[in-house]
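Top line first, the protein sequences correspond to chains G and H. Residue numbering for the first sequence is 1 to 103, as defined by the numbering used here. Residue numbering for the second sequence is 1 to 288, as defined by the numbering used here.
Please keep in mind that the hints were generated in silico from the structure rather than gathered at the bench. Be careful, since some hints might not be right.
[As the list claims (entries may be wrong)] Covered by chain H, according to a simulated footprint, are these stretches of chain G (three or more residues, beta-carbon under 8 Å):
1. 27 to 36
2. 52 to 66
3. 73 to 84
[As the list claims (entries may be wrong)] The following residues of chain H were derived to be distant from chain G, with all beta-carbon distances above 10 Å:
4. 145
5. 176
6. 266
[As the list claims (entries may be wrong)] List of simulated lysine to any residue pairs, SDA-like, C-alpha gap at most 20 Å:
7. 6(G) x 83(H)
8. 6(G) x 79(H)
9. 234(H) x 284(H)
10. 33(H) x 22(G)
11. 150(H) x 262(H)
12. 25(G) x 10(H)
13. 114(H) x 162(H)
14. 185(H) x 163(H)
15. 25(G) x 143(H)
16. 79(H) x 87(G)
17. 180(H) x 51(G)
18. 217(H) x 6(G)
19. 86(G) x 143(H)
20. 234(H) x 110(H)
21. 143(H) x 255(H)
22. 79(H) x 25(G)
23. 87(G) x 208(H)
24. 63(G) x 187(H)
25. 221(H) x 85(G)
26. 25(G) x 163(H)
Every residue gets a Cβ at the ideal spot worked out from N, C-alpha and C, and that includes glycine.
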Amino acid sequence: MQELVKQRTKMLETLPKIVGPVSVKVSDVHTGVWRYRRPVIRHDDCIRCGICAEYCPCGVIEKAEVMTVDYTYCKGCGICTVECPKKAIDFVLESEFEGEGDQ
Amino acid sequence: MAELDLLSKGMTTCQGCPMELIGRSALEVLGPKTITMTPPSCSAILTGSGDETGWGIPSVQTVLMSLPAFASGVSEALKIRGMDDVTVMGFAGDGGTFDIGLQSLSGAIERGHKAIYICYNNEAYMNTGGQRSSATTLGASTKTTPTGKKEVSKNIDFMLLHTPLAYQATASVGNIRDFKRKLAKAATKDGPCFIHVMTPCPSGWKFPADQTVQIAKLAIKSGMWLLFEREDGKITINQKPTNFELIPEYLSRQKRFNRINDEITAQIIEEAKTRYETLQQLSQLACL
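Pulled out of the complex, with its shape left as it was, chain G reads as follows:
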């Protein structure tokens, strides 16, 4: 068995580092364009518990000094608005949103 393992290890060492077809690009679809409603955090009511970030399927909410949403990738599913224990996230229609648009 030891001999076999040694033999196999030697065989593996002779192989090039990357074998076969590999993916080299990272998927980067700007899924924010799918959104028709956007979550807007009311920072006065937010207690920074991080539950929205925990339940965000796209991982776009980041817990920094204030909670921030990456609108380039946010699909607007609205899970954060439902799960927020303080109900501090508004779900605003994109057509009615006034402010700096990221998209």
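Go by the hints and put chain H onto chain G.
Same frame as chain G, now just chain H:
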């Protein structure tokens, strides 16, 4: 180069898809030293096509029936190389676990390779348009059962109770911390681990995308989904169902149950009660 996400943000899964949430939470626990594999399913979106991929870790796109066989191979290769700190994670849906992948799963468990199999159960073949699978609940209308499924679903957790798993658990997106705890526990085991996660599918079950987690929470409360774990031959029930009378509410919130009548509702409630009673009796056994 900027720091790479373990799972890219720009994934083209549906709005409110819990499968992506499970993938993200899993990587949060397991970290970058993980090799993952996905069968052709919704999770194949994460592995990507062509030269694109969503994972920031090594990933393999396997065939539908043999994901656990791939996992065994990778696990053994890692053992030969002496890389004991790398986790192998299989990430299959209910089709790749209950129906098509069942024989290779049971084989891989029997051979005892060190790997974690995560089954995200969305109760149909959602990636191909929502055809019925053996995980589909009784009465649910799918593409191939437009008038409602006539058969009760297969209970894979009870089936796998008799296999030599190092760790077995059920989890739900309704309780993501519980899922992370179970996965962290599974990562420490030296053997096959199976985690069965409930993932309500907004487009297939036909409910609004923002209700995903609420539906999963209601399923735990109503007893439609049982949270338990099996470790060292002992079953522990993690969360008891509070009220089986919540099942009609759970059913009415999904449009796939539009066609069921009172008789089928009663049958579903009866089945849920029996399932829980069986589990209670099993949890009192000394070894399994």
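So, going through the hints one by one against the coordinates:
Given a C-beta distance limit of less than 8 Å, the hint that chain H covers the segment 27 to 36 of chain G holds, as 6 residues qualify and 3 suffice. Chain H is given as covering the segment 52 to 66 of chain G, and this holds because 7 residues of the stretch bring a CB closer than 8 Å to a CB of that chain, at least three being needed. Only residues whose beta carbon comes within less than 8 Å of a beta carbon in chain H count, and the segment 73 to 84 of chain G has 9; three or more means the coverage holds. With a cut of 10 Å on Cβ distances, residue 145(H) stays outside the contact zone with chain G, its closest approach being about 27 Å.
In this structure residue 176(H) is not separated from chain G by more than 10 Å, as the shortest Cβ-Cβ distance comes to only about 6 Å. The beta carbon of residue 266(H) sits about 30 Å from the closest Cβ of chain G, which is more than 10 Å, so the claim that it is off the interface holds. Of the supplied pair hints, the one linking residue 6(G) and residue 83(H) holds, its CA atoms being roughly 15 Å apart against a limit of 20 Å. Proposed proximity of residue 6(G) and residue 79(H) is supported: the alpha carbons are some 13 Å apart, at most 20 Å.
Proximity of residue 234(H) to residue 284(H) is assessed by CA-CA distance (about 8 Å); at most 20 Å being required, the pair is judged to hold. A C-alpha spacing of about 18 Å is found between residue 33(H) and residue 22(G), which places the hinted pair at or below 20 Å, so the restraint holds. The straight-line distance between the Cα atoms of residue 150(H) and residue 262(H) is roughly 14 Å, inside the 20 Å bound, and the hint therefore holds. Of the supplied pair hints, the one linking residue 25(G) and residue 10(H) holds, its CA atoms being roughly 12 Å apart against a limit of 20 Å.
For the given pair, residue 114(H) sits about 18 Å from residue 162(H) by alpha-carbon distance, which is consistent with the 20 Å threshold. A distance of roughly 19 Å separates the Cα atoms of residue 185(H) and residue 163(H); the hinted pair therefore holds under the 20 Å criterion. Between the alpha carbons of residue 25(G) and residue 143(H) the distance comes to roughly 35 Å, so the proposed pair goes past 20 Å and is violated. At roughly 49 Å between alpha-carbon atoms, residue 79(H) and residue 87(G) are farther apart than 20 Å, so this suggested pair is violated.
For the proposed pair residue 180(H) and residue 51(G), the alpha carbon gap of about 14 Å is at most 20 Å, so the pair holds. At roughly 52 Å between alpha-carbon atoms, residue 217(H) and residue 6(G) are farther apart than 20 Å, so this suggested pair is violated. Taking the CA atoms of residue 86(G) and residue 143(H), the gap is about 39 Å. The hint is violated against a cut of 20 Å. For the suggested pair residue 234(H) and residue 110(H), the alpha carbons sit about 19 Å apart, so the restraint of at most 20 Å is met.
With a C-alpha separation of about 13 Å, the suggested pairing of residue 143(H) with residue 255(H) holds against the 20 Å cut-off. Distance check on the hinted pair: residue 79(H) and residue 25(G) sit about 29 Å apart at the alpha-carbon level, beyond 20 Å; violated. For the hint linking residue 87(G) to residue 208(H), the alpha-carbon distance of about 18 Å falls within 20 Å, and the restraint holds. For the given pair, residue 63(G) sits about 26 Å from residue 187(H) by alpha-carbon distance, which is inconsistent with the 20 Å threshold.
Our distance criterion of 20 Å between C-alpha atoms is met by residue 221(H) and residue 85(G), whose separation comes to about 18 Å. For the hint linking residue 25(G) to residue 163(H), the alpha-carbon distance of about 40 Å lies beyond 20 Å, and the restraint is violated.
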